[in-house]
Amino acid sequence: LRRPPKKKLERNGLARKKKTISKTKYLEPQINLYHHLLKETNLTVGSEYLFERMKVGNKVNFSQGFGLGVFYMRSWNAGETYDVIDGVVSQIPFAGTNYFAPSLSYKAQFGILQKSNTPISVFVKPMVFLMMPYNQTVVPNINMVFGCSFPLSFKSAS
Amino acid sequence: MKKVMYLLLFIGLVLSCNRSAFTSGEVLYLRHKGADMPAYVYGNTSSNTFILLLHGGPGGSGLEYRSGIYAEMLEEEVGMIYWDQRGQGNAQGNNPEEAVSMELLLDDLDQLVLAIKAKYGKDISLFLMGHSWGGTYGTSYLMEFTRQQHFKGWIEANGAHDIPRLNVEAVKMFIEIGEDQVAQGKNTDKWTEILDWAKKVDTSNITEDDGSRINNYGHEAEELLDEVLPGNDDGIPSALLSSPLDPLASLVSGNNTSGLLVESGIEEIALTDSLYKINIPSLLLWGKYDFVVPPQLGIDAHKLISSPEKRFILYEASGHSPMNGEGEAFAADILDFVNTYK
Numbered sequence: 129l130r131r132p133p134k135k136k137l138e139r140n141g142l143a144r145k146k147k148t149i150s151k152t153k154y155l156e157p158q159i160n161l162y163h164h165l166l167k168e169t170n171l172t173v174g175s176e177y178l179f180e181r182m183k184v185g186n187k188v189n190f191s192q193g194f195g196l197g198v199f200y201m202r203s204w205n206a207g208e209t210y211d212v213i214d215g216v217v218s219q220i221p222f223a224g225t226n227y228f229a230p231s232l233s234y235k236a237q238f239g240i241l242q243k244s245n246t247p248i249s250v251f252v253k254p255m256v257f258l259m260m261p262y263n264q265t266v267v268p269n270i271n272m273v274f275g276c277s278f279p280l281s282f283k284s285a286s
Numbered sequence: 003m004k005k006v007m008y009l010l011l012f013i014g015l016v017l018s019c020n021r022s023a024f025t026s027g028e029v030l031y032l033r034h035k036g037a038d039m040p041a042y043v044y045g046n047t048s049s050n051t052f053i054l055l056l057h058g059g060p061g062g063s064g065l066e067y068r069s070g071i072y073a074e075m076l077e078e079e080v081g082m083i084y085w086d087q088r089g090q091g092n093a094q095g096n097n098p099e100e101a102v103s104m105e106l107l108l109d110d111l112d113q114l115v116l117a118i119k120a121k122y123g124k125d126i127s128l129f130l131m132g133h134s135w136g137g138t139y140g141t142s143y144l145m146e147f148t149r150q151q152h153f154k155g156w157i158e159a160n161g162a163h164d165i166p167r168l169n170v171e172a173v174k175m176f177i178e179i180g181e182d183q184v185a186q187g188k189n190t191d192k193w194t195e196i197l198d199w200a201k202k203v204d205t206s207n208i209t210e211d212d213g214s215r216i217n218n219y220g221h222e223a224e225e226l227l228d229e230v231l232p233g234n235d236d237g238i239p240s241a242l243l244s245s246p247l248d249p250l251a252s253l254v255s256g257n258n259t260s261g262l263l264v265e266s267g268i269e270e271i272a273l274t275d276s277l278y279k280i281n282i283p284s285l286l287l288w289g290k291y292d293f294v295v296p297p298q299l300g301i302d303a304h305k306l307i308s309s310p311e312k313r314f315i316l317y318e319a320s321g322h323s324p325m326n327g328e329g330e331a332f333a334a335d336i337l338d339f340v341n342t343y344k
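Chains as they are written, first to last, in this note's numbering: chain A, 129 to 286; chain B, 3 to 344.
Each hint should be verified, as a subset may be incorrect.
What the hints assert, rightly or not - Listed next, the stretches of chain A that the computed footprint assigns to chain B, with coverage defined by at least 3 CB atoms under 8 Å from CB atoms of chain B: (1) 163-173; (2) 208-221; (3) 260-268.
To be verified - Away from chain B, derived, C-beta distances all over 12 Å, residues of chain A: (4) 150; (5) 158; (6) 181; (7) 182; (8) 183; (9) 189; (10) 193; (11) 198; (12) 226; (13) 238; (14) 243.
Quick caveat, the hints were computed from the structure, so don't treat them as lab data. We put the CB at the ideal spot given by N, CA and C, even for glycine.
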C-alpha cells in the first residue's frame with residue numbers, strides 16, 4: 129500500500145482538514161444525593177475515573193466521555209420504619225440499607241459563555257450504579273444527572 | 003456575583019419539584035430479619051377500615067395493583083395498603099439466602115400486622131386480600147386460628163391456594179375451551195398448538211416445566227378470547243407513571259426472590275384439604291376465563307371454608323385479573339363485603 133506524501137496532497141488541495149483531539153483522563157471525587165418523597169433518600173460517596181474526548185475548535189465546545197467509578201451507597205427509607213421484637217413495636221430512626229456500588233457513566237458536555245469571564249459547561253450524564261448485595265443479587269440503579277460546571281478560578285484567554 | 007446567581011438558580015430548580023404530586027399517600031416500612039419492606043398506604047385512612055393487599059408473583063409488587071377504576075373506588079372508601087413482600091417490589095435488604103421461605107414470609111406478615119396496628123390503632127378494621135400468589139400466601143397465613151383473629155375478613159381474588167390442583171384444572175380448561183374455539187374457527191393455529199401440548203400432559207405427574215408452560219399458555223389463552231374484556235384507562239393511571247415503584251429493581255430483585263421461593267418448595271403447596279380451617283368471613287372473586295388459576299379453585303374454596311359468611315363471585319368477562327376488565331363490579335363487590343363485616 130502506497131500513500132501519497134501529505135505535502136503533495138496539500139499542494140493538490142486534497143488535504144483533509146486537520147483535526148485536533150483533546151483527550152483527558154481524571155479522577156473525580158463525587159457526592160450524589162437525591163430525595164424521593166415516597167421511596168428513599170439516597171446518598172452515594174465515591175470517585176469516578178473519567179475518560180473525556182473533545183474535538184478542539186468545535187463550535188459548540190462539545191465533549192463526551194465515559195466514567196468508571198466505585199461508590200459507597202446509603203439508602204434511607206422514605207417513611208417510618210418499624211421493628212417488632214417479642215410483640216413490641218418500635219420505630220427505628222434513620223433506617224436504611226448500605227450498598228457497595230460500582231458505576232458506569234456516559235457524559236455529554238457543551239461549553240457555553242466560553243468567551244465571557246464566567247465560562248460554564250452544561251452536561252447530561254446517564255449513570256448506572258450496580259447496587260450489591262441487594263436482596264441476594266445485583267440490582268442496577270439508573271440515574272440521569274443534569275448539571276453545570278464552572279471553574280472556581282478562570283483566566284480569560286484574551 | 004454571577005457564580006452565586008448560577009448556584010442559586012440550580013438550588014431553586016432542585017427545590018421547585020412539586021411535592022403535592024407525590025404525597026397523596028404515605029409509606030411505612032417493616033424491618034424484619036434483614037429486609038426493609040415498604041407498605042404504601044393510600045385512600046381513606048380516616049375510615050379506620052383497611053385492606054392489606056398481598057400482591058401476586060412471586061416477584062410482583064404491591065404498587066402494580068394501584069391502578070384503574072377499582073383502586074380509585076376502593077381508595078375513596080377505605081385505606082388500601084399495598085405491601086411489597088420480602089425481596090420484591092421496592093423491598094430492600096440483605097437477608098440470608100437460605101432464609102427465604104414461606105415460613106419466613108408468614109412471620110413477616112405477623113410483624114406487619116402489628117406495625118400497622120401500632121400506627122393506625124388497635125381498633126381498626128383490617129381485611130386481608132390476596133391475588134394469585136397472594137392467594138397462596140394469604141391462605142397459608144390463615145391456616146392458624148390465632149392469625150385469623152387479626153382480620154375481619156379474607157378476600158381471595160384468583161388465588162393459587164393449591165398449585166398442584168390448579169395445574170390439573172388448567173389443563174382441563176385448555177382442552178375444553180380450546181376445542182370449542184377451534185370448532186368455532188377462532189385463532190385455530192394458536193389453539194391447536196395449545197391443545198396438542200395440553201393433550202400430551204400427564205396430569206398425574208406435572209413437572210416444573212409443565213407448570214411453567216401452563217402459566218405462559220394461561221396468559222396467552224386469555225388474550226385469545228373475545229369474551230374477556232381488556233383493561234381500560236379509567237381511574238388511577240398505571241403504577242409506572244404515578245408511583246414510587248422502581249420497575250427495574252423490582253424486576254431483577256423479584257425474579258431472584260421468585261426463584262428462591264420456587265426452590266424452597268412453594269409449587270407443592272396444596273391447601274384445598276385444609277380450607278375448613280378458615281373461620282372468618284370470606285369473599286372469593288374469580289374470572290371465568292382464568293387459565294392461570296382456574297375458577298374451580300374458588301368453587302372448591304366456597305364449599306370448604308368453614309365460615310358461614312362466605313361468598314363466591316364469578317366474573318363472566320374476565321380472566322386472571324378481573325380488577326382490570328370488570329374493575330367497577332370487582333370494587334363494588336369488595337366494598338359491599340367490607341361494609342358488611344367491618
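Quick one: see if chain B covers the region 163-173 of chain A, three-plus residues with Cβ-Cβ under 8 Å. It holds: at least three residues are needed, and the region 163-173 of chain A offers 4 whose Cβ sits within less than 8 Å of chain B.
Please confirm whether residue 198 of chain A is truly not at the interface, meaning its C-beta sits more than 12 Å away from all C-beta atoms of chain B. With a cut-off of 12 Å, residue 198 of chain A remains clear of chain B, as the shortest Cβ separation is near 19 Å.
Is it the case that residue 158 of chain A keeps its Cβ farther than 12 Å from each residue Cβ in chain B? 16 Å, holds
Assertion that residue 226 of chain A lies farther than 12 Å from chain B (Cβ): For residue 226 of chain A, whose nearest Cβ neighbour in chain B is about 9 Å away, the distance does not exceed 12 Å, so it is violated.
The output says residue 183 of chain A does not contact chain B. Does that hold with a beta carbon cutoff of 12 Å? 26 Å, holds
Any Cβ of chain B at or closer than 12 Å to residue 238 of chain A, or is the non-interface label fine? 15 Å, holds
The output says residue 150 of chain A does not contact chain B. Does that hold with a beta carbon cutoff of 12 Å? 25 Å, holds
Checking C-beta pairs, does the region 260-268 of chain A have three or more residues closer than 8 Å to chain B? holds (count 8)
Closer than 8 Å, Cβ to Cβ, for at least three residues: run that test on the region 208-221 of chain A against chain B and report holds or violated. holds (count 8)
Interface exclusion of residue 182 of chain A relative to chain B, criterion Cβ beyond 12 Å: Correct as stated: the minimum Cβ-Cβ distance to chain B is 22 Å, above 12 Å.
Since residue 181 of chain A was said not to touch the interface, does its Cβ keep a gap of more than 12 Å from each Cβ of chain B? 26 Å, holds
Far enough from chain B: is every CB of that chain over 12 Å from the CB of residue 243 of chain A? 14 Å, holds
In the structure shown, a violation is registered for the earlier hint numbered 12 alone.
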